[in-house]
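Just so we're aligned: 12 in my numbering is position 11 of the sequence shown, and the numbers increase by one with no gaps anywhere.
These are computed hints drawn from the structure, not numbers from a lab. For each residue, glycine too, the CB sits at the ideal point set by N, CA and C. A couple of the hints might just be wrong.
[As the list claims (entries may be wrong)] Cβ pair distances, simulated, as ranges:
#: 1; residue 1: Leu-82; residue 2: Gln-114; range: 48 to 54 Å
#: 2; residue 1: Tyr-54; residue 2: Leu-13; range: 35 to 41 Å
#: 3; residue 1: Ile-6; residue 2: Glu-26; range: 29 to 35 Å
#: 4; residue 1: Ile-69; residue 2: Leu-9; range: 20 to 26 Å
#: 5; residue 1: Phe-14; residue 2: Asp-55; range: 23 to 29 Å
#: 6; residue 1: Ala-98; residue 2: Thr-17; range: 42 to 48 Å
#: 7; residue 1: Leu-82; residue 2: Lys-53; range: 34 to 40 Å
#: 8; residue 1: Leu-65; residue 2: Thr-31; range: 30 to 36 Å
#: 9; residue 1: Ile-72; residue 2: Gly-109; range: 25 to 31 Å
#: 10; residue 1: Phe-14; residue 2: Gln-114; range: 17 to 23 Å
#: 11; residue 1: Val-60; residue 2: Glu-26; range: 24 to 30 Å
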Amino acid sequence: MYLIIVGLALGLFIGTFLQIDIPPEYTRYTAVAIVGILDSLFGAIRASIEKKYDTSIFVSGLALNMIIAVIITFVGDKLNLDLYLAILVAFMIRIFANIGIIKTTTIGKYFKQHVDNNA
């Protein structure tokens, strides 16, 4: 789990300083990929907090999400429909749901420890 976070941080650091231009025809795919990766990352953090994290599930889920999202985006491009927006909305709903569960679980654990220490 920590290796994934270190890799993400390193990638963000390197990406900040490199000037890589993404062609306009690939911006939809890039947006879907970035939000899909964030969805998988927050899902992994949630699973880790709930003590259910499994690397094989993380990697297979990330790959499957990316493949399906790219296929739907590609079909939308061929049909001149902005289907990538639906994918982004779905990923964002999942991200916010995971953030809510992470917050609730973390705060619940903190208050439980705080109450146990004061008792």
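Do the hints match the structure? See the list:
{"no.": "1", "hint": "Leu-82 x Gln-114: 48 to 54 Å", "in the structure": "holds (50 Å)"}
{"no.": "2", "hint": "Tyr-54 x Leu-13: 35 to 41 Å", "in the structure": "violated (22 Å)"}
{"no.": "3", "hint": "Ile-6 x Glu-26: 29 to 35 Å", "in the structure": "holds (31 Å)"}
{"no.": "4", "hint": "Ile-69 x Leu-9: 20 to 26 Å", "in the structure": "holds (21 Å)"}
{"no.": "5", "hint": "Phe-14 x Asp-55: 23 to 29 Å", "in the structure": "holds (28 Å)"}
{"no.": "6", "hint": "Ala-98 x Thr-17: 42 to 48 Å", "in the structure": "violated (29 Å)"}
{"no.": "7", "hint": "Leu-82 x Lys-53: 34 to 40 Å", "in the structure": "holds (36 Å)"}
{"no.": "8", "hint": "Leu-65 x Thr-31: 30 to 36 Å", "in the structure": "violated (19 Å)"}
{"no.": "9", "hint": "Ile-72 x Gly-109: 25 to 31 Å", "in the structure": "violated (38 Å)"}
{"no.": "10", "hint": "Phe-14 x Gln-114: 17 to 23 Å", "in the structure": "violated (33 Å)"}
{"no.": "11", "hint": "Val-60 x Glu-26: 24 to 30 Å", "in the structure": "holds (28 Å)"}
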